[in-house]
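Those sequence lines, one after another, are chains G and S.
Take the first sequence: its letter number 87 is residue 87 in our numbering, and every next letter is one higher.
Take the second sequence: its letter number 214 is residue 646 in our numbering, and every next letter is one higher.
The hints are simulated quantities; they were obtained by calculation from the structure and are not laboratory data.
Glycine included, each C-beta is placed from N, C-alpha and C at the ideal position.
Heads up, some of the hints might be wrong.
Just so you have them, the derived chain G footprint on chain S, three or more residues with Cβ under 8 Å [as the list claims (entries may be wrong)]:
| no. | segment |
| --- | --- |
| 1 | 502-509 |
| 2 | 758-771 |
A short, non-exhaustive set of chain G residues, derived as facing chain S with CB atoms under 10 Å [what the hints assert, rightly or not]:
| no. | residue |
| --- | --- |
| 3 | Tyr36 |
| 4 | Tyr49 |
| 5 | Arg63 |
If you want the building blocks of each chain, they are given just below.
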Amino acid sequence: MPDVSYARSGDVSIAYQVVGEGPTDLVLLPFLSNLYTLWQAPGFAQFGYRLAEGRRLVVVNPRGVGLSDRPRGFTVESRMDDLRAVMDTIGSGRPALLGISEAAATCSVFAAANPDRVERLVLYNPYARSFVDSRERDEALGSLQRQREEWGRREVLEEMAIELNPQWSDDPAYLDWFVWHHRLTTSPSALVDFRRMQIDLDITDVLPAIRVPTLVVAKEREREAAEQVATLIPAAELVIVPGEGLAMHENDFALEAIETFLAGGATRRIPDTVLATVLFTDLVDSTQRAAELGDRDWRALLERHHELVRVELARYRGVEIDTAGDGFFASFDGPARAISCAREIVERVPELGLDVRAGIHTGECERVGEKLAGLAVNVGARVSGFAAAGEVLVSSTVKDLVAGSGISFQDRGAHELKGVPGEWRLYAVSPA
Amino acid sequence: MDVPDVSYARSGDVAIAYQVIGEGGTDVVFVRGTLADLLAGWDMPLFVDHVEWLAESGRVLLFDKRGSGLSDPVRQVPTLETRMDDIRAVMDAVDSERAVLWAAQEGTRIALMFAATYPERTSALVLYDPTARGLWAPDYPWAPTEEEWRNELREIRERWGDRRYLVERAHRLSPVGAQNEEWLEWFVWYQRRSASPAEAVAFHRMAMEGDVRDVLPSVRAPTLVLHRSEATDEASFVADRIGGARRMEVEGLHDWFSWADPEHNAVLLRETQTFIEGLAAAPVADRVLATIMFTDIVGSTERAAELGDSAWSELLARHHTLVRGELVRFRGEELDTAGDGFFAAFDGPGRAIECAAAIRDAVRTLGLEVRAGLHTGEFERLDGKLGGIAVSTGARISSLAEPGEVLVSSTVKDLVAGSGIAFEDRGAHELKGVPGEWRLFAVR
Chain G
1 MPDVSYARSG
11 DVSIAYQVVG
21 EGPTDLVLLP
31 FLSNLYTLWQ
41 APGFAQFGYR
51 LAEGRRLVVV
61 NPRGVGLSDR
71 PRGFTVESRM
81 DDLRAVMDTI
91 GSGRPALLGI
101 SEAAATCSVF
111 AAANPDRVER
121 LVLYNPYARS
131 FVDSRERDEA
141 LGSLQRQREE
151 WGRREVLEEM
161 AIELNPQWSD
171 DPAYLDWFVW
181 HHRLTTSPSA
191 LVDFRRMQID
201 LDITDVLPAI
211 RVPTLVVAKE
221 REREAAEQVA
231 TLIPAAELVI
241 VPGEGLAMHE
251 NDFALEAIET
261 FLAGGATRRI
271 PDTVLATVLF
281 TDLVDSTQRA
291 AELGDRDWRA
301 LLERHHELVR
311 VELARYRGVE
321 IDTAGDGFFA
331 SFDGPARAIS
341 CAREIVERVP
351 ELGLDVRAGI
361 HTGECERVGE
371 KLAGLAVNVG
381 ARVSGFAAAG
391 EVLVSSTVKD
401 LVAGSGISFQ
411 DRGAHELKGV
421 PGEWRLYAVS
431 PA
Chain S
433 MDVPDVSYAR
443 SGDVAIAYQV
453 IGEGGTDVVF
463 VRGTLADLLA
473 GWDMPLFVDH
483 VEWLAESGRV
493 LLFDKRGSGL
503 SDPVRQVPTL
513 ETRMDDIRAV
523 MDAVDSERAV
533 LWAAQEGTRI
543 ALMFAATYPE
553 RTSALVLYDP
563 TARGLWAPDY
573 PWAPTEEEWR
583 NELREIRERW
593 GDRRYLVERA
603 HRLSPVGAQN
613 EEWLEWFVWY
623 QRRSASPAEA
633 VAFHRMAMEG
643 DVRDVLPSVR
653 APTLVLHRSE
663 ATDEASFVAD
673 RIGGARRMEV
683 EGLHDWFSWA
693 DPEHNAVLLR
703 ETQTFIEGLA
713 AAPVADRVLA
723 TIMFTDIVGS
733 TERAAELGDS
743 AWSELLARHH
753 TLVRGELVRF
763 RGEELDTAGD
773 GFFAAFDGPG
783 RAIECAAAIR
793 DAVRTLGLEV
803 RAGLHTGEFE
813 RLDGKLGGIA
823 VSTGARISSL
833 AEPGEVLVSS
843 TVKDLVAGSG
853 IAFEDRGAHE
863 LKGVPGEWRL
873 FAVR
């Protein structure tokens, strides 16, 4: 059993294991997991040690489950923070990432946002979103209360174990492991919080922004979802491996595909595009206010406004890119932080007797020196143009990525954005 | 032995994982002394032996305290009252009407609180190294000082989960257990699995803040106190304040986990068994621990005169409806209405405080102001009514409250430690007809 250490992600402790030694790192994010029982899965330890041959294998237990701290709520963004915290703690500059199932989404968004921190990306049984159809989604949400009541019961977990890996349905060691592993991984209320995120998470818009060499590995039964993911990621390889169940260690095919991919030629090209969340703020009726106040007073007021916005940007790790007259353009490494920041700004600026509107979008941006450019930046600017005074308006991409954060939205309908192709559905952030 | 399966009881909104071992006979609730998880215990044969021995007396109920192990995580540090409810939820889930509580260290405080509050559900208490209070006090010099706790909490925050730290901890707590490599390895993983670093900090903060000194005299259950020689003073403090409690030092036992030292633990188990077997069908207790609340409308005579009789009685009726609504919400039991005030009882002080604050806020919508007084004490129950000097204490406290104020005795304040409820010291008072001096606190 590999020993466990803890990294600090903010004030949250994240458990991780380092196995093996070597010149390269592979960071594994398992699906809902407890690092202790993970290695007790029949056949897993052997698989894990093989994966660690000739390299450092780092297994991360993201927050909310297992051995890590369990603050309430799950978001992709906090899981990305956890991944980064572990990488920083062990000095892993640019590892390969391997994400399983839901954790593949975390790895995908991380790779899109931090191409300079990811050498290669392996997604196992990934999916872009859980539900296409809103009726199915509502049914899934409706069943959460029942799941909460049933979670932990042996018969329920055994049924799940058989559904996921029918090839082992006669193996009592597997069934018993599955039951205890899941009980130790999540309690009933934590499971429901997790499912809530999983149901609403949608990374369809993020996948095309991945610029890191990517391998998608999936079992035959997950082919459809995996094909969709592989098609959306530029130049991703897709390998469908045989097997009856979902487990990666059911046979050697997945391991062989991963080894071949990881042994591929070096890819030192640092991409010049990156997934970023952009925030635009703009003062409402500023011309009129400026005329009323006169130049000097207006400038003084504007300075106080700038100061206030900069304090909030610093607080939420936003990077100021530009001030266009009386508005701000900033970027964030996570959409939930951008929303929280924008909320603070629109709530606090009225203290100065001013009103502000804000627009947020997450998309692929080109890096030009310290600046960001590209269509996604235009989208962000256009979105903010539609916001009412005191409103934070976001694109559907942003909304899909903050699933599980507890932030709620009001649908503002479909819009055309000047100079941007297609129709855009926009959402107003509900007050906290 | 196969690992017993796990079920979940609901304590309010929180799932509490529990196991049932054995059947028939006396029910024994095992309230463990520290953080734990239900599965890990079964990886340790010494622990299994201990539980199986307890199960010879009947059914043993094991559970993970909220915020640890397989139970739901909690967002804030729970109060003793909430944690006592967890025992009740587990007992209800398996239809256990009465049980012996076998508790160790920090767990003894939950057990003591439970025994005083629910005498009819507690057939007896067995306490190993009991502790009434977490923090040093002049009359309780055995507990660590605030500075010692601060250091301990800092160390836990920084090092919990780290192998070296857990090994040090094992040597400190369990000199016999830690001699054995396998035991050490088990302990390291056991602690990690029980709680993450933040959960360990929360648990130990709770252990620091807990205080059940005032509850001890209200415990009516037959009580056996077993302890190590190094815990003699603290165990005596507890045993001396519980009527008829028997105390016994287990010679040669120096392990915090008594079961880690099977040779000496055998003595402790034998004593437990003899004690449980000797329990006569105990009479149903007629004294209970409860929190009482008195509320009173401020300036009611003047208001009544201003409004005239019919408008006043209409207003009073609306006041009563509001108060009763809040009583239902916080599980309060209405005992009397004396004119325009209420007298109610609660099974936990935290709920009583929340209820009093809710009543104060609610009646303001009627343009009325109330004062409220709360006290936790031991009451006699006669024909559904509560009596005893503690009732007078509560009534006197409420009369000292300012308009809009919720005033409580120090007993109430001590028992809600960890709830996040803040108090202002209102100094020492004499209460008419009640002996002694009483320190009162206003809820902020």
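Using the nearest Cβ pair, does Tyr36/G come within less than 10 Å of chain S? At about 6 Å, which falls below the 10 Å cut-off, the nearest Cβ of chain S leaves the hint on Tyr36/G intact, so it holds.
Is the coverage entry for the segment 502-509 of chain S by chain G consistent with the three-residue Cβ rule at 8 Å? holds (count 5)
Is the interface hint satisfied for Tyr49/G? The criterion is a beta-carbon contact with chain S at less than 10 Å. For Tyr49/G, the interface hint is violated, since the closest Cβ of chain S sits about 19 Å away, which is over 10 Å.
Taking the least C-beta to C-beta distance, is Arg63/G closer than 10 Å to chain S? Arg63/G check passes; min Cβ-Cβ to chain S is 9 Å, inside 10 Å.
In terms of beta carbon proximity below 8 Å, does the segment 758-771 of chain S have 3 or more residues touching chain G? Coverage by chain G is violated for the segment 758-771 of chain S (0 residues, Cβ < 8 Å).
Hints 2 and 4 from the list above are not met by this structure, while the remaining hints are.
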